[in-house]
Amino acid sequence: MDTVIHTDKLTKRFGDFIAANEITFDVYRGEIFGFLGANGAGKTTAMRMLCGLSKPSSGTATIAGFDIYKQTEEIKKNIGYMSQKFSLYEDLTILENIRFFGGIYGLSDKQLKEKSEQLIGTLGMECEAKKMVGALPLGWKQKLSFSVAILHEPKIVFLDEPTGGVDPVTRRQFWDLIYEAADSGITVFVTTHYMDEAEYCNRISMMVDGEIKALDTPAKLKQEYAVTSMDEVFYRLARGAKRSE
Amino acid sequence: MKDVILNNISKTYNKGIVQAVNAVSFHVDKGELFGLIGPDGAGKTSIFRILTTLLLPNGGTASVNGFDVVKDYKTIRKNVGYMPGRFSLYQDLSVQENLNFFASIFNTSVKENYDLIKDIYIQLEPFKDRRAGKLSGGMKQKLALCCALIHRPTILFLDEPTTGVDVVSRKEFWEMLKRLKQQGITILVSTPYMDEATLCERIALIQDGRIMSIDTPENIIGKFSESLFAVKSDNMGSLLQDLKNTGIIKSCNAFGAYHHVTFKDNNQNMNEKLIRVLEEKQHTNIELRPITPTIEDCFIKLMED
Amino acid sequence: MMDNISTFIKKEFLHVFRDRKTLLMLFGLPIVQIILFGFALTNEITNAKIVVCDYAKDDASQQIIGKLQASQQFDIQRILLNHKQIETAFKDGEIKMAVVFPANFNSDLLHQHKAQVQLITDASDPNTATAISGYANQIVMDYQNELMQLQRVPYQINTEVRMLYNPELKAAVNFVPGVMSLILLLVCVLMTSVAIVKEKETGTMEVLLVSPFSPFLIIVSKAMPYLALSLINLTIILLLSVLVLGMPINGSILLLYAVSTLFIITALSLGLLISNRTASQQSAMLISLMGMLVPSILFTGFMFPLENMPYPLQLVSHIIPAKWYYIIVKSVMVKGLGFSAIWKETLVLLTMTMLLLVVNIKTFKIRLT
Chain E
1 MDTVIHTDKL TKRFGDFIAA NEITFDVYRG EIFGFLGANG AGKTTAMRML
51 CGLSKPSSGT ATIAGFDIYK QTEEIKKNIG YMSQKFSLYE DLTILENIRF
101 FGGIYGLSDK QLKEKSEQLI GTLGMECEAK KMVGALPLGW KQKLSFSVAI
151 LHEPKIVFLD EPTGGVDPVT RRQFWDLIYE AADSGITVFV TTHYMDEAEY
201 CNRISMMVDG EIKALDTPAK LKQEYAVTSM DEVFYRLARG AKRSE
Chain P
246 MKDVILNNIS KTYNKGIVQA VNAVSFHVDK GELFGLIGPD GAGKTSIFRI
296 LTTLLLPNGG TASVNGFDVV KDYKTIRKNV GYMPGRFSLY QDLSVQENLN
346 FFASIFNTSV KENYDLIKDI YIQLEPFKDR RAGKLSGGMK QKLALCCALI
396 HRPTILFLDE PTTGVDVVSR KEFWEMLKRL KQQGITILVS TPYMDEATLC
446 ERIALIQDGR IMSIDTPENI IGKFSESLFA VKSDNMGSLL QDLKNTGIIK
496 SCNAFGAYHH VTFKDNNQNM NEKLIRVLEE KQHTNIELRP ITPTIEDCFI
546 KLMED
Chain W
551 MMDNISTFIK KEFLHVFRDR KTLLMLFGLP IVQIILFGFA LTNEITNAKI
601 VVCDYAKDDA SQQIIGKLQA SQQFDIQRIL LNHKQIETAF KDGEIKMAVV
651 FPANFNSDLL HQHKAQVQLI TDASDPNTAT AISGYANQIV MDYQNELMQL
701 QRVPYQINTE VRMLYNPELK AAVNFVPGVM SLILLLVCVL MTSVAIVKEK
751 ETGTMEVLLV SPFSPFLIIV SKAMPYLALS LINLTIILLL SVLVLGMPIN
801 GSILLLYAVS TLFIITALSL GLLISNRTAS QQSAMLISLM GMLVPSILFT
851 GFMFPLENMP YPLQLVSHII PAKWYYIIVK SVMVKGLGFS AIWKETLVLL
901 TMTMLLLVVN IKTFKIRLT
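Line order of the protein sequences matches chains E, P and W.
Be aware that the first sequence starts at 1, since it is given in this note's numbering, and climbs by one per residue.
Be aware that the second sequence starts at 246, since it is given in this note's numbering, and climbs by one per residue.
Be aware that the third sequence starts at 551, since it is given in this note's numbering, and climbs by one per residue.
Which stretches of chain P does chain W cover? Using the computed rule of at least three CB atoms under 8 Å from a CB of chain W, they are:
id, stretch
1, 288 to 298
2, 338 to 345
Short, incomplete list of chain E residues facing chain P, as computed with Cβ under 10 Å:
id, residue
3, Leu36
4, Pro137
5, Leu138
6, Tyr194
Calculated directly from the structure, the hints in this document are not laboratory data.
Just so it is clear, CB atoms sit at the ideal spot from N, CA and C, and this is done for glycine as well.
Hey, can you work out the whole structure from these sequences and the hints?
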């Protein structure tokens with residue numbers, strides 16, 4: 001299996017505070033990797049390091065084969081990112097957003113045209129293509145935002161609570177998009193507060209107090225803790241957390 | 246006795262272009278724990294703001310404690326507790342300073358109503374000199390609840406108190422609400438998390454500004470007219486596609502470790518037929534069993550109807 | 551009720567004192583401005599190059615020229631024969647001042663007991679220009695006094711100072727009142743509007759509105775600390791200008807504080823008006839800066855002389871509160887005039903404040919929009 005994310009004792013300190021403590025894990029190509037943890041467990045810090053936005057205090061990591069210290073520019077070219085806070089321009093139309101984000105990743109005009117037609121077709125947004133993004137329902141925005149994040153066919157896409165507050169039907173459509181992306185070989189690295197979504201992941205890691213306390217498939221985790229839902233696994237692990245944000 | 250009554254309440258924004266709340270009517274009984282369940286943009290916050298006298302409705306009437314939300318706003322403001330969607334605290338003030346401040350603007354003191362918040366405040370006490378901005382999500386949520394309770398309100402309005410908070414803190418929070426209910430406080434709470442619905446006495450499922458259903462969680466589940474099954478196999482991704490293509494499935498949704506399905510024809514042999522079809526498609530370790538619907542199943546069904 | 555207002559005000563002070571950046575801007579800005587200006591002013595002047603144009607060529611003019619030459623401050627380059635050469639000398643940048651004695655200087659002095667000396671300075675460097683003409687004036691006065699002691703006749707030599715290139719002469723007398731009006735505006739408009747809008751942004755305003763605390767009092771309580779801080783700031787500026795710049799307060803201090811308080815209230819009402827109409831801190835800041843501060847700098851008159859502006863712009867300046875305050879401060883502080891001299895300007899300010907307050911109360915929102 002191709003390893004697309006490899007970290008070894010990755011650590012981030014803020015003064016005396018260790019936000020992420022010796023995180024070690026691998027994520028494989030085409031995998032949907034759930035990155036879970038309580039508030040303040042260090043998820044955001046870890047994710048920022050992996051995206052090349054924050055320099056680790058110690059440890060090593062390679063993202064899509066690039067070194068996290070020296071090759072942050074290459075890393076950025078090979079990853080996509082989407083957060084719960086909607087990341088498209090509300091005052092641009094759907095088409096304009098697609099062209100803009102495709103453009104900054106260096107897609108040619110021809111590619112852009114093809115891609116945007118294809119994307120709008122898949123999402124069924126033909127009638128809305130020339131509407132301002134601000135006027136779309138939240139679920140649509142999130143789906144669009146995800147599609148734009150993988151427009152440049154990145155090796156990995158990082159999703160930070162992508163479905164927060166989205167209605168149950170759209171939430172499932174969103175996960176259809178995630179499966180599709182994973183099938184095409186894009187590795188999906190996702191955080192969520194919905195425990196049913198944790199089940200959709202191939203593997204789950206659980207962060208507690210800056211450390212990865214568990215890492216396995218949902219089925220094995222449930223087996224290990226002798227419980228029936230991921231909810232309970234989470235509760236078992238996070239209940240002992242000492243740290244607050 | 247009804248503590249909150251809404252009668253055909255409507256609210257539009259942008260000069261009528263956006264219909265946030267569409268002729269919503271419901272009531273909350275005294276001492277009840279009532280949940281408004283729906284995704285972002287369903288109109289929950291608008292309803293809360295109308296009831297807390299922060300917004301004027303475009304149509305309909307509403308009353309809180311028997312007082313009209315438009316005319317008697319001053320009286321209502323004295324009697325209700327409100328926790329807006331974002332934890333509205335002063336980030337640069339300490340836990341204690343926040344609490345004292347909110348007590349003071351409600352013409353009371355922390356001491357006077359300490360018994361009401363004691364259970365919650367004890368958990369905050371070790372951090373009482375810490376700035377609110379430096380607290381964890383769960384702690385902020387507890388402090389915001391203390392601040393909303395400090396004047397012993399008759400009705401508590403909690404707008405998405407558990408959004409963005411982890412599972413552990415969410416569980417604790419609902420425990421707190423149960424204890425508050427025992428003290429006789431009427432609680433109106435909203436949440437986008439469907440699994441929290443069963444923790445309320447009665448719920449309203451809301452989508453696109455309309456109420457889809459109002460009842461006790463048990464009754465809403467009881468109204469789910471079809472037989473629901475959970476299906477599982479070794480390849481969940483392709484299972485979902487294959488299920489949709491069988492021709493005998495009416496609805497099919499991913500639900501964590503299982504997919505939930507209903508049949509077009511609620512006939513017993515359908516189970517065996519489905520297993521046969523799936524085996525033909527090379528699925529292994531197929532598991533199929535009838536289940537009780539969750540509120541989320543009901544919500545999806547109501548949305549699709 | 552008083553109890554919770556005081557808690558509110560206390561909370562407001564906590565916000566200010568816990569935000570180091572605001573605090574630094576609040577008290578650092580006036581200090582830095584005054585001290586920087588102070589340094590620019592106290593530059594000691596030695597051997598300033600000057601020229602003399604002596605049409606008189608008599609005893610008196612020769613004696614004054616001798617005194618100028620003997621002083622440490624001046625270094626006479628040339629004695630010129632006519633006015634035209636002065637202009638060239640200035641343009642070549644070789645001199646800082648020209649001293650002109652009219653013909654019959656001595657005889658005027660002896661017979662009419664009155665004569666004139668003209669001091670022409672390059673006021674494009676206003677600080678040097680004021681200092682130089684001051685020194686030269688001193689030397690002429692010394693001569694006049696000597697003459698009077700010798701002959702016991704009330705001789706009077708008038709020095710006529712002409713400022714070339716910058717007739718308005720911006721200097722401390724203009725600068726301090728200018729800084730005062732700008733700092734007060736900055737604190738009251740910008741900081742008040744931002745502080746209120748911040749509560750809207752963080753959602754605390756929602757909680758405050760859903761409380762028995764009257765919305766009007768929320769606003770008053772939020773404005774109070776800034777009134778106090780502005781008065782402290784005013785005191786700092788005045789102390790610095792007296793102690794560092796050596797600029798005395800000629801008029802009544804009480805009157806100065808009274809009119810300043812009025813101006814602060816004007817500015818606070820403007821801040822409230824902005825906060826009432828904006829939803830984000832950025833837009834509040836932008837409107838305060840572009841809509842208030844920039845016009846105030848342009849139209850107050852201490853940076854750009856109003857007389858030289860086109861008439862429509864002069865009309866615009868009438869609606870700028872800072873302009874009226876600036877006139878009042880100059881009258882009281884510099885000219886030492888009393889209330890009778892500034893009642894008109896004060897009335898204008900008072901009317902503006904009343905209007906703003908009425909608009910504020912009428913449009914005040916007891917709900918969210």
